[in-house]
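Asks: Here's the letter readout for the chains.
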Amino acid sequence: EAAVTQSPRNKVAVTGGKVTLSCNQTNNHNNMYWYRQDTGHGLRLIHYSYGAGSTEKGDIPDGYKASRPSQENFSLILELATPSQTSVYFCASGEDWGQNTLYFGAGTRLSVL
Amino acid sequence: GDSVTQTKGPVTLSEGTSLTVNCSYETKQYPTLFWYVQYPGEGPQLLFKVPKANEKGSNRGFEATYDKGTTSFHLQKASVQESDSAVYYCVLGDQGSNYQLIWGSGTKLIIKP
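Chains as they are written, first to last, in the working numbering: chain A, 1 to 113; chain B, 1001 to 1113.
Just to be clear, a hint being listed does not mean it is correct.
Stated by the list, open to error - Rough simulated footprint, nothing fancy, chain A against chain B, three-plus residues with beta-carbon under 8 angstroms:
#1 1064-1073
#2 1102-1108
Said to hold, decoys possible - Some chain A residues near chain B, calculated using beta-carbon distances under 10 angstroms:
#3 Val14
#4 Tyr103
#5 Phe104
To be verified - Pairs of lysine to any residue, SDA-like flavour, derived with a Cα cap of 25 angstroms:
#6 A:Lys57 to B:Gln1029
#7 A:Lys11 to A:Lys57
#8 B:Lys1108 to A:Asn10
#9 B:Lys1049 to A:Asn10
#10 A:Lys18 to A:Ala106
#11 B:Lys1049 to A:Asp62
#12 B:Lys1028 to A:Ala106
#13 B:Lys1112 to B:Lys1068
#14 A:Lys57 to B:Glu1026
#15 B:Lys1108 to A:Asn30
#16 B:Lys1049 to B:Thr1005
#17 B:Lys1008 to B:Pro1040
#18 B:Lys1028 to A:Glu56
#19 A:Lys11 to A:Gly40
#20 A:Lys57 to B:Thr1005
#21 A:Lys65 to A:Gly53
#22 B:Lys1108 to A:Glu56
#23 B:Lys1049 to A:Lys65
#24 A:Lys18 to A:Ser111
Bear in mind the hints are in silico, worked out from the structure with no lab data behind them. Glycine included, every Cβ here is placed at the ideal spot set by N, Cα and C.
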């Protein structure tokens, strides 16, 4: 069974603080993704990665950085968190382009106060 | 660019009634089409995918036909159950796109017993 694990599951941060969301996958997939989910917007792609050492910008990268130090791990970093980044964040892993089946983690609920 | 438009929810139905969630797409490529389902507190998971035009996909009593002529991929189920309450996403996977997947905005389905 494909497995993507996110931590923490819930996070409260202060405005201007640094936040790191972590994701680990045991699927041995090359591709990993970070999405955010907001009411009325569905899922929006923040950053993605082709493999260890690579990160690419998605549709809404401003205010976020990503890090892929290994095949298994992909982090999302908010250097200076703002209240507008309050959201639910999902990590996913997948195989080939276009015909991807993505496997999602359970999500991280982030509140920036 | 590529886009996906689906029924705006929430959709509220009684158990045992039939369901149609409309999905229309725009692309110049030859995409794979997906339906994902997201249950409360979980990440999205694949319901089924259809890689070729004029073919049908199905799973758990849900089905959809990839209609290239009308650029549609409507989700249907003959008799819904309370356990089908979830958010349903129509998704386009474009082999020519660096972003891999284009997500619809999601349709929340509420089934009353």
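Asks: For each hint, tell me whether it holds in the structure or not.
Replies: Right, here's what the structure says about each hint:
no. : hint                   : verdict
1   : 1064-1073              : violated (count 0)
2   : 1102-1108              : holds (count 4)
3   : Val14                  : violated (26 angstroms)
4   : Tyr103                 : holds (8 angstroms)
5   : Phe104                 : holds (3 angstroms)
6   : A:Lys57 to B:Gln1029   : holds (22 angstroms)
7   : A:Lys11 to A:Lys57     : holds (24 angstroms)
8   : B:Lys1108 to A:Asn10   : holds (23 angstroms)
9   : B:Lys1049 to A:Asn10   : violated (31 angstroms)
10  : A:Lys18 to A:Ala106    : holds (22 angstroms)
11  : B:Lys1049 to A:Asp62   : violated (31 angstroms)
12  : B:Lys1028 to A:Ala106  : violated (33 angstroms)
13  : B:Lys1112 to B:Lys1068 : violated (34 angstroms)
14  : A:Lys57 to B:Glu1026   : holds (23 angstroms)
15  : B:Lys1108 to A:Asn30   : violated (31 angstroms)
16  : B:Lys1049 to B:Thr1005 : holds (17 angstroms)
17  : B:Lys1008 to B:Pro1040 : holds (18 angstroms)
18  : B:Lys1028 to A:Glu56   : holds (24 angstroms)
19  : A:Lys11 to A:Gly40     : holds (22 angstroms)
20  : A:Lys57 to B:Thr1005   : holds (24 angstroms)
21  : A:Lys65 to A:Gly53     : holds (13 angstroms)
22  : B:Lys1108 to A:Glu56   : violated (30 angstroms)
23  : B:Lys1049 to A:Lys65   : violated (31 angstroms)
24  : A:Lys18 to A:Ser111    : holds (13 angstroms)
The earlier numbered hints that this structure contradicts are 1, 3, 9, 11, 12, 13, 15, 22 and 23.
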